[in-house]
Every structure is written in C-alpha cells, then in structure tokens.
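End of the sequence shown sits at 247 in our numbering; the numbers just go up one at a time, nothing left out.
Please note: incorrect hints may appear among the correct ones.
[To be verified] As a list, the in silico EDC-like pairs of lysine to aspartate or glutamate whose alpha-carbon atoms are at most 20 Å apart:
| no. | residue 1 | residue 2 |
| --- | --- | --- |
| 1 | K164 | D142 |
| 2 | K3 | D231 |
| 3 | K150 | D242 |
| 4 | K39 | D237 |
| 5 | K123 | E106 |
| 6 | K82 | D92 |
| 7 | K162 | D152 |
| 8 | K71 | E18 |
| 9 | K163 | D188 |
| 10 | K163 | D148 |
| 11 | K107 | E21 |
Hints are computed from structural coordinates only; laboratory data are not their basis.
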Amino acid sequence: MVKRKDIVAFIDEFLKIEEVEDKYLHNGLIFEGRAEVNKIAFAVDSSVEVIDAARKEKADMIIVHHGFLSKISPFPITHHVKKMVKLLVESDISVYGVHIPLDVHEKVGNNAELCRMFGVSVKGKFTDGYWGKLKEEIYLKDFVKDIDKKLDTRCRVFDFGKKKIKSVAFVSGGAQYDILPAILKDIDCFVTGESSHSTFLIAKDAGANMIAAGHYATETLGLKALMKVVDSKFGVDTVFIDMPTGL
Numbered sequence: 001m002v003k004r005k006d007i008v009a010f011i012d013e014f015l016k017i018e019e020v021e022d023k024y025l026h027n028g029l030i031f032e033g034r035a036e037v038n039k040i041a042f043a044v045d046s047s048v049e050v051i052d053a054a055r056k057e058k059a060d061m062i063i064v065h066h067g068f069l070s071k072i073s074p075f076p077i078t079h080h081v082k083k084m085v086k087l088l089v090e091s092d093i094s095v096y097g098v099h100i101p102l103d104v105h106e107k108v109g110n111n112a113e114l115c116r117m118f119g120v121s122v123k124g125k126f127t128d129g130y131w132g133k134l135k136e137e138i139y140l141k142d143f144v145k146d147i148d149k150k151l152d153t154r155c156r157v158f159d160f161g162k163k164k165i166k167s168v169a170f171v172s173g174g175a176q177y178d179i180l181p182a183i184l185k186d187i188d189c190f191v192t193g194e195s196s197h198s199t200f201l202i203a204k205d206a207g208a209n210m211i212a213a214g215h216y217a218t219e220t221l222g223l224k225a226l227m228k229v230v231d232s233k234f235g236v237d238t239v240f241i242d243m244p245t246g247l
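With the hints as constraints, model all of the structure from the sequences given.
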C-alpha cells in the first residue's frame, strides 16, 4: 500500500507539472480520494464510463491525459460533471490529470513515444511535440500503412506534398493547426490526431502532407509508458482502461 501523496509528488516532479505551461486543462491531483493506493487505473479521458470501469477494477486512483477541469471554459458541477463527481465521491477514487506535460515529456511523452515507435530520430522540439528524421526516405503511403497497423487506427491523409518523406513532426491529439509551423519549417510530413476542413485547404494550398491518425490513438502511448514508470517505482497494481472513441 502506497500513500496517495507520495504518488502525486513523484509524478508532479517527474512530469514537471509546475514548469510546463498548459492553457487548456488543470494538471495534477484534481479530485482527492482515499489516502492509500493499492491499484491505479490509467485512461486517456476522464468520463463517467472510465470512472465506472475504474470502480469495477477496484482502483484507488485514476491517472488520465484529459482531466475534467478546464482552464478555457470552466463547467459548473451539473450534468456530466455532476455524474463524474458523484461516482468519485461514492467510490472515494482520486483523479490525477496530466495533459500538455505528458505530450511534451522527453522520456514518456506521447510524441517522444510516437517518434520511437516509427523510427524517427528526434532533432528537436516542435510546438507541443517533436520533429526528426527517418533513417531513409520512404513513401508516404507506406508510412501511413505503418501508422494504421501499429496504432490500430485509420488515418485521414492530406497527401499534397512529397511522395517520399524523411522529416516528420509529431504533435498528438487536436493539434491540426500546427500544420502551419510544419509548413514554415519545411517538414515533409506532419502527424497529429485530428484534421479539419480548414487544414485540408491549408495543406492543399501549401503543397504539404498531413496525417490525422486519431486523437485517441495518438494519445495512449504516453500513459502506457508512464504506467510502467509508476509500476516500477511503487510496485502498485496498474491497469489501462481502453475506451477508444474511433476519433
């Protein structure tokens, strides 16, 4: 059995919670449950379904990428938020959210993990992700097939740039407008989670490549990597709750 405060303190420091700016979500402990932790559930999103699954798993704590406390438009404790809070109070489960700090982390971050998975040698930071180069040029269509297979997803591709690529930038999740700095940096292929009508037109007009591999699919890797770190550090039981949306 491990103290909740020790787990929180470790993750706060490991992921540099206080140092990384996040304009969107609150990071750190966002709901305080029981003081002792035997089992931790990891999930991409905080939702009624995830909390209920964690309760059934007998988890004492949930670590999520998307917490439910927004900095953009705070929501009153009504409707879906009331449902989540009610479940948390009844089950006494803690919730720890880590958004941008998990995207940008150099060891267990979503984008660092994506670079490793697809053989991209990191050359530097790129907005909330990383950019780098493949060992050799490959056809864009083959790169897409590899992403589809390894992430179990179905990419949406704007293939208006080079047919063969070498430089790649990864910014997981809903970072579709980071195609603009990718164009300015002459990146051969920009990979994110989501796309839009506007980014289609930007890619087409600029003659650029963009892959939208799915918001959910691009943001499971960091949590799974963090789960291994926490398990190794504290020896608690851990479980990943997989709740894909197909988006």
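The hints, checked one at a time:
Restraint check for K164 and D142: the C-alpha separation of about 9 Å stays at or below 20 Å, so the hint holds. A hinted pair counts as satisfied when its Cα atoms are at most 20 Å apart, and K3 with D231 qualifies at roughly 14 Å. Proposed proximity of K150 and D242 is supported: the alpha carbons are some 16 Å apart, at most 20 Å. In summary, the hint linking K39 to D237 is supported, as the alpha carbons are separated by about 5 Å, within the 20 Å threshold.
In summary, the hint linking K123 to E106 is supported, as the alpha carbons are separated by about 12 Å, within the 20 Å threshold. Note on K82 and D92: the hinted pairing holds, with a Cα-Cα distance of about 15 Å set against a maximum of 20 Å. Straight-line distance between C-alpha atoms of K162 and D152 comes to about 25 Å, which puts the hinted pair past the 20 Å bound. For the given pair, K71 sits about 15 Å from E18 by alpha-carbon distance, which is consistent with the 20 Å threshold.
Restraint check for K163 and D188: satisfied, since their Cα atoms lie roughly 9 Å apart, inside the 20 Å limit. Taken as a hint, the K163 and D148 pair is honoured in the structure, with Cα atoms around 18 Å apart against an allowance of 20 Å. As the CA atoms of K107 and E21 are separated by approximately 18 Å, the hinted pair is consistent with the 20 Å bound.
Comparing the model with each numbered hint stated earlier shows that hint 7 is the single one that does not hold.
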